[in-house]
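Quick note, the sequences are listed as chains A and B, same order. Following the numbering used here, the numbering of the first sequence begins with 3 at its first residue and continues without gaps. Following the numbering used here, the numbering of the second sequence begins with 20 at its first residue and continues without gaps.
The set of hints was computed from the structure by calculation and includes no laboratory data. In this text the structure is predicted, and so the values were computed from the model without any measurement. Be aware that one or more of the hints could be misleading.
[As the list claims (entries may be wrong)] Straight-line C-alpha distance at most 30 Å; calculated DSBU-like pairs for lysine-lysine:
no., chain 1, residue 1, chain 2, residue 2
1, B, 29, A, 133
2, A, 142, B, 29
3, A, 37, B, 299
4, A, 356, B, 81
5, A, 183, B, 83
6, B, 512, A, 433
7, A, 324, B, 29
8, A, 447, B, 512
9, B, 512, B, 369
10, B, 81, A, 352
11, B, 121, B, 149
12, A, 424, A, 352
13, B, 83, A, 191
14, A, 391, A, 367
[As the list claims (entries may be wrong)] Pair ranges (Cβ atoms, derived):
no., chain 1, residue 1, chain 2, residue 2, range
15, B, 482, A, 63, 15 to 21 Å
16, A, 191, B, 150, 55 to 61 Å
17, A, 80, B, 482, 34 to 40 Å
[Stated by the list, open to error] Looking from chain A toward chain B, a few residues come up when the C-beta cut is under 8 Å (computed):
no., residue
18, 41
19, 54
20, 57
21, 60
22, 165
23, 320
24, 408
25, 410
26, 411
27, 437
In this text, a Cβ means the ideal position worked out from N, Cα and C, and glycines have one as well.
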Amino acid sequence: MQIVIIGNGIAGITAAVSCRKLGNDPITVISSESKYFYSRTALMYIYMGHMRFEDTKPYQDNFWHQNNIELIQDKVTEIDHQNSVLSTKSGGKISYDKLVIATGSKPNIFAWPGVDLQGVFSMYHLHDLEKINSITENCKRAIVVGGGLIGIEIVEMLRSRNIEVTFLVREKNFWDIVLPKEESEMIEKEIRSHGVDLRLSTELASINSDDGKKIHSITTNSGETIPTEVVGIAVGVTPNIDMFKNSAIDVNRGILVDSQLRTNISNVYACGDCCELRNPSNGRRAIEPIWYTGRLMGEVVAKNIYNHELDYNPGVWFNSAKFFNIEYQIYGTVNPKLEENESTIFWRNKEKNKSIRINFDSNSKSVLGFNLFGIRYRHEVCNAWIVNKTHIEDVLQNLKIANFDGEFSSQFENELIDQYNKLYHKNIATKAKRGHDSVLEFFNKILSTK
Amino acid sequence: MSTINYYNKKNQTQLLGLVSGLGGLVLMLASSLSGIADSAIMWTALALMSFGIIIYSIGTYKDKLHGIHNDGVWYMSVSNRSLLAWLLGVIITGFYILLYFKPELLGQGADDMPNTGLVAFFDPLSMFLKGKPASQWFVYGTLYTVAIIGFGFKFILKYRGNRYQTLRTLSVMFFQLGFAFLIPSIMEGFNYPYYDAKNMWPLNYYFFNDRNINGFLSAGNVGLFMLILGLLLIFLISPILTYFYGKRWYCSWVCGCGGLAETAGDPFRHLSSKSTSSWKIERWLIYMVLAFSIIMTVAVVYSNIYNHRYELNLQPIFLVLFVTVIAIISLYFMWVKAGKYFSQHELLKKGVTIAISLILAIIWISYFTKSSNAFFIDSNQLNSIYGFYIGSIFSGVIGVGFYPIMGSRVWCRFGCPMAAILGLQQKFFSRFRITTNGGQCISCGNCSNYCEMGIDVRSYAQRGENIIRSSCVGCGICASVCPRGVLRLETGKLDITDKSKDMSVIKITESGVSLEQ
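This is chain B alone, in the form it adopts within the complex:
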């Protein structure tokens, strides 16, 4: 047998894990298809899947010492875009298409009809947690949580000995299990609105929809607390945390999309494209989605206020003034406060200024002409277009379905408007950066290869430059896989105004080669 197959060879523990996990999946599918379902079968299937992942992980890493475990990554069918990868991609993509567009095929009962199939399979768990039958979203949430917990365990084993990786992974597991799954489910059982506190606007693009806001408003003090917390997160807590720690506090410690990418998506992180053309596409796409989501949200809020759809006594002028204030603050930062960083980004500065001015102009015109829609576009239609193309197709079908082909952070890198906002702040107004260690880089390329965001880390490291990129989610894997100890994630207050200054380059001066400035 060829030695290269050693990487593909599974040991007995791994095989046991695979049998258990796949057994759970088969049991779930058989039960869903046959309609023979009860809580015992459901718990058995869920237990088999969870234990499967755990046993498989133990089998994979039990005999390995602390260190980097990337042997054979580019030789294994599942992680080198070969047959298994495509098969997996098609299955996940198919599942997402059913989930978003054909939930009835998953057994979602229409109009108070009882569930069937896969959705009915999860009824016992749903009854147990919130006292009502499951929905397609409950099924999705359950499987999502099992994946993050199971593969999170695997990730911790893989990087054991690395405390940053361990803590970060425990954090995403905690936020998924608690904030995204258990708390909202249990609260729903007490008839409170569904609320995942960590799922912030603009990632949560329906936060300002009338149904959502009114849900909070009709849920007493608890609902009011949820609403205020949601607003505080967007406008206060998030900017403060991003200032101190960079966008990683959210993207690789808290966020659910990031959580899945970092755990179940970890075996695919090296598949992200590192080409400069991908970087260009990334910048265009992500800021277009951000602009789209801001315009859509403003339109929705405006028309909701105008048509008195919020159970609040608000006048459209409040929103118009609010948007104006935010716009002025943004322009002030860009032209005055942070003008120095933007001096190298003239095109960006002008483009953003024109965009902001246009939005302001149109919204004021809408207001004075007493239009019921902010941009003369039907906000509901805008909302549903956004939901379909961005919320469902981009973040779900492509975002997760394409993991085995394009890597685990496709959505986070090319589409997420939340990542776009945090990224802009990270680049221009945050203490976070990755520093490089003197002249130790050997240009091997491990850092770039394992960057899930497709950042060519090496191109900075080999020049001894700090890495300050808006897309960096601070997962810290580049620093972990570096064989020469070159990279470190840092937060520092002292040089925030010129943090990209190449502190650590080996300088060639007229007096010779030295490290001194």
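Here chain A stands alone, though its shape is the one from the complex:
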């Protein structure tokens, strides 16, 4: 059985490595971006000089040969699914028995006037990084458009080289489609403390140039003109599926897949950012372009290629990010605005760079989600509480078990519990301590009651 995988991002590569664990069939991975798998999430660190490109490769180059996984740098141009053959840009023909499509996302670009100018960039691919490096080489001023996770990464990159940045964010508060207001405001303060000119409720109208080459300014939707040399665009991503739009493969926004990540063609699978689930599991979206879903889907695809008949089920939502110096983790559901039956308790420190929020059901009091800023919590513990619909007071009493901050670091769980006690006239106190022993005790208890 020849397994061919299009795309060498986290989804495609996880599929390849997982297939290798399950069998000895020949595996070929095709990518037009780079021969070797690298961690896309680390692009910003290459620009900022924290790492070199080679440090972002999670596997040594000889790994692929050792594991008999063939890497081809080429672009797939056509899929002949009746004969199970791929055509590539260099004129090659590659036949497959099982095909995995893992082509990832591409950055959104809208038709703003001036968007084709040389100084406009997005940040997704390796060649984007090369472009950013070259066009910001002598740059003093930049505009970044788009208040999402990539937007703020671009801002941080440019600030690390002391480039003046104006950051245009469409939303009223930073990332307020995801974050509650208090958290948004904390991040806004953090962004501004790094010398960024943050403009909320502001959109890009046009990118201006006199000679059709060099950008001199942009104009916002309120008519303000801001001088700049480059413009970074980070207004979301879309599944990278153009080449399949006229094929027999069913697509919507992404490549449509069933719960076992199969497309409408029996020996073709899709995974990662490029696919769209026909029936996403409870509380999850049909397209989730994030790192770990790519990894999980890659594993599921491999299992299903080997007939394990495994459904993709990513479980309770979680994610993480870093906004300049503030780390962010979320477990479960924390809506930007409380839904009808939801209650919340929220604590933040005086400096407004750390916060804990726990949401719970107002009626049953079972815990729904955790939002952490500048504080690390344990995935397994929070997940178990959410899955088991644990009572908020039970969670609070044991909250220190979830704390994943380093040894000797301050703990703030008691301050959060004080707030709960005041709000609900209760007298809850912590019972458990931080650390690995408490975690194991916690899980042993759960396992023994099952």
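Start from chain A and add chain B according to the hints.
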């Protein structure tokens, strides 16, 4: 000017620091070369150097908020193996070569002749602390201490807000200043033997030399206390602390070699090789040095006892029995008590068993044939070979001289026999491990890149596995630089027998993807 140069640009405070520090160095060298030296010049030079580092550090981090400050590390000449790095490497290596092999060129006065040059430059400080002129080792110790204190201050500023890093660095600064420098110097002034209590055997490979042991024995109760403390540290205190906290209690909290690596060596930590071939070389080399140091020590102790060179009434049979008991305990642990962990390490188990048996056999044969040397090799010669190749070249010249090229832990990773012993214990019999946080790893590689021991932390973290590696010194930088809160240094008693069990992997089971086991 290219924006990338921003990382190389120094602000005014940094420049002031550089001028002050280099000024101190130039003053020291000028004074040493010209012979015009007095205590005022010495104190001025030392003050300029120390303030230089402190001012430079303040300039570097004063406007920075709490967080990770690795911007431009791979763009700066000094930290990306470019010209400055090589220049620095050559200078440090040259200094070590002079220090170990040509001390007279540094001005060390031979045969009670007065010092000249650099050694004489430090005479006033030496007179002040211990009432005798300096030696090349006093010069070395002083500069070493200034480096750890100065760059320790810089490290604390860099990682301020991170209490583990702050405490750990204060600890190495304290042990260097107190235990390695001030206390031994002052004690020497009172004619007690030089004794750095934290410098344990086998790192301190001359501990069992007749001169050292007799030095303790002739120094009354204080000397006896030093001797007993030294032995207790090796055989009792160290195993207990390593059991509870891992080898980090020593390697990144106490040790002088580690202290320099963590402070002055911090800008070079990312240069350690992460390749699997380096890991292989590491395992071969470090255990060979360990075997060498054990054989050398046994030989030295045996011949010292046999030839009555210790001022103690000891018989060779004591040593032979002692070695036999230790060997049996080791074999018992490996085959019975900790057999479970070693089941995946059959080759190691067999190799170590053969090595131990050979050592035992030869030492018993030596004893019965009444040979004056334990392994039929001249122990003095063995001792000096070890001292030359391991003690001087490996730990000093390569260990520190190659900081800017191979990273700051070359000696600790590839050579230190102390690290080898603690590492074996850490892997198989300690509560310490680094745990990973569920599915949050994004494989970015910061953890691996900034691991000074060359551990590919990411390869574990992205699979959700705990990290239990004998080489890990527990510096905690991987956890600090992780942008997703994935790593935590932990000590736990509950699962010590199977602590590498992948507690935290996201599992794909037949029922779907979940976190449950």
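Now for the hints, and whether the structure bears them out:
1. 29(B) / 133(A): holds, 27 Å
2. 142(A) / 29(B): holds, 18 Å
3. 37(A) / 299(B): holds, 27 Å
4. 356(A) / 81(B): holds, 21 Å
5. 183(A) / 83(B): holds, 27 Å
6. 512(B) / 433(A): holds, 19 Å
7. 324(A) / 29(B): Given that 30 Å is the threshold and the Cα spacing comes to 27 Å, the pair holds.
8. 447(A) / 512(B): holds, 16 Å
9. 512(B) / 369(B): Distance of about 29 Å is within 30 Å: holds.
10. 81(B) / 352(A): holds, 21 Å
11. 121(B) / 149(B): holds, 24 Å
12. 424(A) / 352(A): holds, 19 Å
13. 83(B) / 191(A): holds, 15 Å
14. 391(A) / 367(A): holds, 9 Å
15. 482(B) / 63(A): 15 to 21 Å: holds, 19 Å
16. 191(A) / 150(B): 55 to 61 Å: For residue 150(B) against residue 191(A), whose Cβ atoms are near 59 Å apart, the range 55 to 61 Å holds.
17. 80(A) / 482(B): 34 to 40 Å: With a Cβ separation near 36 Å, residue 80(A) and residue 482(B) satisfy 34 to 40 Å, so the hint holds.
18. 41: Check passed: Cβ of residue 41(A) comes within 4 Å of chain B, closer than 8 Å.
19. 54: Check passed: Cβ of residue 54(A) comes within 5 Å of chain B, closer than 8 Å.
20. 57: This hint holds: residue 57(A) lies near chain B, its Cβ roughly 5 Å from the closest one there, short of 8 Å.
21. 60: holds, 5 Å
22. 165: This interface hint holds because 6 Å falls under the 8 Å limit.
23. 320: holds, 7 Å
24. 408: At about 5 Å, which falls below the 8 Å cut-off, the nearest Cβ of chain B leaves the hint on residue 408(A) intact, so it holds.
25. 410: This hint holds: residue 410(A) lies near chain B, its Cβ roughly 4 Å from the closest one there, short of 8 Å.
26. 411: holds, 5 Å
27. 437: holds, 7 Å
Checked against the numbered hints given earlier, the structure satisfies every one of them.
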